[in-house]
Amino acid sequence: MKILAIETSCDDTCAAVLNNDRVLSSVVSTQISFHKKFGGVVPNIAKEKHKEFIDPCVKKALKMAGLTMKDIDVLAVTYGPGLAVALEVGIIKIKELAREYNKPVIAVNHLEGHLLSPFLKNSEGKIYSNIKPKFPFISLIISGGHTELVLVEGIGKYKLIGQTLDDAAGEAFDKVARLLKLGYPGGPLISKVAEKGDREKYDLVRPMIHSKDFNFSFSGLKTACLLSLRKIYASKSAKNDGEMISFSTSSEYFDSKNMFFTKKEISDFAASFEEAVADVLVTKLAKAVAKYKVKHVSIGGGVCANLYIRKRLRKQFEKAGVDVAMPKTRFCTDNAGMIGIVAYHKAKRKEFLKDVMKLDRDPILNFK
Amino acid sequence: MQILKLKGNKAKVISVAIKTLNAGGIIIYPTETCYGLGVDATNQDAVNKLISYKTFRDDKPISVAVTDRKMAEKYVKLNATAKNLYKEYLPGPFTIVSKGKGKVANGVESNTKTLGVRIPKYDFMLELTKVFGKPITATSANVSYKKTPYCVKDILTHTSEKQQALIDLIIDAGKLPKNDPSTVIDTTLDDVNILRQGDIVIRHKHKVITHGEEETRVFGEKLIKNLIEKKLDIPIIIAFQGELGTGKTQMSKGMALALGIKQEITSPTYIISREYKLKKNFVKFVHMDIYKLMEGKEIWDVGLAEMLEEKSLIVIEWAEKVSEIIKDLKGKAFVVWINMYHKSENERIIEYGEFE
Numbered sequence: 000m001k002i003l004a005i006e007t008s009c010d011d012t013c014a015a016v017l018n019n020d021r022v023l024s025s026v027v028s029t030q031i032s033f034h035k036k037f038g039g040v041v042p043n044i045a046k047e048k049h050k051e052f053i054d055p056c057v058k059k060a061l062k063m064a065g066l067t068m069k070d071i072d073v074l075a076v077t078y079g080p081g082l083a084v085a086l087e088v089g090i091i092k093i094k095e096l097a098r099e100y101n102k103p104v105i106a107v108n109h110l111e112g113h114l115l116s117p118f119l120k121n122s123e124g125k126i127y128s129n130i131k132p133k134f135p136f137i138s139l140i141i142s143g144g145h146t147e148l149v150l151v152e153g154i155g156k157y158k159l160i161g162q163t164l165d166d167a168a169g170e171a172f173d174k175v176a177r178l179l180k181l182g183y184p185g186g187p188l189i190s191k192v193a194e195k196g197d198r199e200k201y202d203l204v205r206p207m208i209h210s211k212d213f214n215f216s217f218s219g220l221k222t223a224c225l226l227s228l229r230k231i232y233a234s235k236s237a238k239n240d241g242e243m244i245s246f247s248t249s250s251e252y253f254d255s256k257n258m259f260f261t262k263k264e265i266s267d268f269a270a271s272f273e274e275a276v277a278d279v280l281v282t283k284l285a286k287a288v289a290k291y292k293v294k295h296v297s298i299g300g301g302v303c304a305n306l307y308i309r310k311r312l313r314k315q316f317e318k319a320g321v322d323v324a325m326p327k328t329r330f331c332t333d334n335a336g337m338i339g340i341v342a343y344h345k346a347k348r349k350e351f352l353k354d355v356m357k358l359d360r361d362p363i364l365n366f367k
Numbered sequence: 000m001q002i003l004k005l006k007g008n009k010a011k012v013i014s015v016a017i018k019t020l021n022a023g024g025i026i027i028y029p030t031e032t033c034y035g036l037g038v039d040a041t042n043q044d045a046v047n048k049l050i051s052y053k054t055f056r057d058d059k060p061i062s063v064a065v066t067d068r069k070m071a072e073k074y075v076k077l078n079a080t081a082k083n084l085y086k087e088y089l090p091g092p093f094t095i096v097s098k099g100k101g102k103v104a105n106g107v108e109s110n111t112k113t114l115g116v117r118i119p120k121y122d123f124m125l126e127l128t129k130v131f132g133k134p135i136t137a138t139s140a141n142v143s144y145k146k147t148p149y150c151v152k153d154i155l156t157h158t159s160e161k162q163q164a165l166i167d168l169i170i171d172a173g174k175l176p177k178n179d180p181s182t183v184i185d186t187t188l189d190d191v192n193i194l195r196q197g198d199i200v201i202r203h204k205h206k207v208i209t210h211g212e213e214e215t216r217v218f219g220e221k222l223i224k225n226l227i228e229k230k231l232d233i234p235i236i237i238a239f240q241g242e243l244g245t246g247k248t249q250m251s252k253g254m255a256l257a258l259g260i261k262q263e264i265t266s267p268t269y270i271i272s273r274e275y276k277l278k279k280n281f282v283k284f285v286h287m288d289i290y291k292l293m294e295g296k297e298i299w300d301v302g303l304a305e306m307l308e309e310k311s312l313i314v315i316e317w318a319e320k321v322s323e324i325i326k327d328l329k330g331k332a333f334v335v336w337i338n339m340y341h342k343s344e345n346e347r348i349i350e351y352g353e354f355e
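Residue numbers (numbering that gives the first Met the number 0), protein chains in the order written: chain H, 0 to 367; chain L, 0 to 355.
In isolation and in its complexed conformation, chain H is listed as follows (with noise of 0.2 Å):
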């Protein structure tokens, strides 16, 4: 089964083509968008943007995998959750290719595909994560837009057990670094400053982290980051005598009081951030893991390419017996290939649209 799907949901346009779920192609926008902007710098959000780069996409994702849309037998798209303008570019695109072709339709929910990401194969078959699914497992879905905890009891048959109640993981990184003033995206260098830092410097309150459900606050871990870094300010500058940062200010007011943290400072509370983030994953997965009793477990999502991270979940897991699927870094953040594995279990259920004239975006969608 040759399956092309399409994903618009933020600010990547994404095709993939896939044989079954083989990925044979992968493309995703800031790769062909060259010189027009800084890839993932400048939010792509506009419609427009989808608008001009998704017939791009979908051509070069064909002529990667040597097919043309003839051999396409089904098309996918991600019809939720997301940004409803965003959305909708790639469900009118499929509209387009399903009247123009006569192919079936299938509709994917963003997040399943992040559940499965793990195992999406090679060209030859190989799973990526070398790890099979062995039902039940746990899902960790952990990116800038969600942080959710997933019980997963077959293909299509999951059960939302846990998940952020105001900041995802991912989203914590960049505002944590736009309070280090170290501007946007912040997520990837905090990783990576953060390799040399102390972990223990900073004392950061891990939120919710002994709560009985499932679920978690990375606005509360914000919040404590940014009391944190009021007491180092105030420690710093004897100018500051009682008066309350705020840190939205523009940058020329930090740099008229000279407060601008140094580069080993940025460092530690970097490193100590991403140890109170990682603890509190590690922790609400494994007693997900102990409460379900599975011996397996799934991440996905585009934090679970920051390395450390990734390091403390095999950690803790492998040394106890509990297999950790991860996706490779490049079907971590957002892709269509793994739209296009969810296309292809939904296609053997035969859950194929009725009448694709109909599909409507979700932006809220989410696992019941």
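Worth flagging that the hints you see were computed from the coordinates, not collected in a lab. Don't take each hint at face value.
Using 25 Å as the maximum straight-line C-alpha spacing, the simulated BS3-like pairs for lysine-lysine come out as follows [as the list claims (entries may be wrong)]: (1) 120/L <-> 262/H; (2) 278/L <-> 221/L; (3) 98/L <-> 82/L; (4) 18/L <-> 76/L; (5) 230/H <-> 86/L; (6) 367/H <-> 125/H; (7) 94/H <-> 276/L; (8) 50/H <-> 291/L; (9) 86/L <-> 262/H; (10) 129/L <-> 76/L; (11) 342/L <-> 235/H; (12) 224/L <-> 11/L; (13) 342/L <-> 263/H; (14) 98/L <-> 11/L; (15) 331/L <-> 46/H; (16) 263/H <-> 120/L; (17) 357/H <-> 283/L; (18) 131/H <-> 353/H; (19) 120/L <-> 161/L; (20) 120/H <-> 156/H; (21) 367/H <-> 211/H; (22) 177/L <-> 327/H; (23) 174/L <-> 191/H; (24) 50/H <-> 112/L; (25) 263/H <-> 86/L; (26) 290/H <-> 262/H; (27) 161/L <-> 58/H; (28) 152/L <-> 4/L; (29) 331/L <-> 367/H.
What follows is a set of in silico ranges between Cβ atoms, one per label pair, in the way DEER data are often shown [as the list claims (entries may be wrong)]: (30) 152/H <-> 233/L: 42 to 50 Å; (31) 330/L <-> 359/H: 26 to 34 Å; (32) 230/H <-> 155/L: 50 to 58 Å.
All residues carry an ideal CB built from backbone N, CA and C; glycine is no exception.
Since the structure of chain H is provided, determine the placement of chain L on it from the hints.
For chain L alone, coordinates are given in the frame of chain H:
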């Protein structure tokens, strides 16, 4: 195409490289991250040649390598955040994006007139840029997005003859250590002076202090209940100003409760706008965080017109970025401004009122 070994031959390599760059040629050079593709970034013909080389490539946009901050400042405007990053992290594997001064060839700055600058932590490159005295493009010599070039063989085996004909000089420093490509950091979002007090005058201003998240939520809930009682026939905009951690998301949770929304209200920061369908009073509850927008007018691209048409209740975090647009909506939407400040660890000052 000429290939020169760098080892023990630095003086000659620099002189040949300078000649090549001055003649508008393309060089391939080593850095601390990988091999880079360089032309004189101020020479339009050379940049055009580079673009034609790269058209069939999968790659990130063009940034430039300079020798120090002083040289960088001829080409970009550094704000305080950028200056601090230069001080702490350059030279090093980072590309710092700032507002450009329009002094490089067309196609080097991005569409939004920003420019990425590198100061490679690689002595040869620091010396070459210093002698050359102008920025050299610093885009990676990737042959495909899968393969970052760490040796000359990587480049030669993956390029066509046609492409190789465009390369004038390869500076061969052997196999480079496999370091990741540089991390790109945009400092221009910090240019937006977030709290411009005085711009927005709140009429009939009210002030309350909440003690903890629960009180902030309850405040949001009451506010919306009062607005529902007004039975307005136009959309409502709740415009938030307030830094990180003041409880904007908590208050939005209270508002959603008043509207009967059962789903968990989570932060919209990553996707910019999350919308929830409603059964009564309003068609939709839209929760936006527009911090990441480059310019206020991009709010139209996120679908503001459609939201206004459908009689939505729209909550906008970092609304100061769109204050001009909101002012123009007078009569088309009922606007409530809310300013939030930290008073202490748990206390928040909330000022709110209609917009004047």
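Numbered hints the structure breaks, given as an ascending list: Going through the list in order, the structure violates hints 4, 6, 12, 13, 14, 18, 19, 26, 29 and respects the others.
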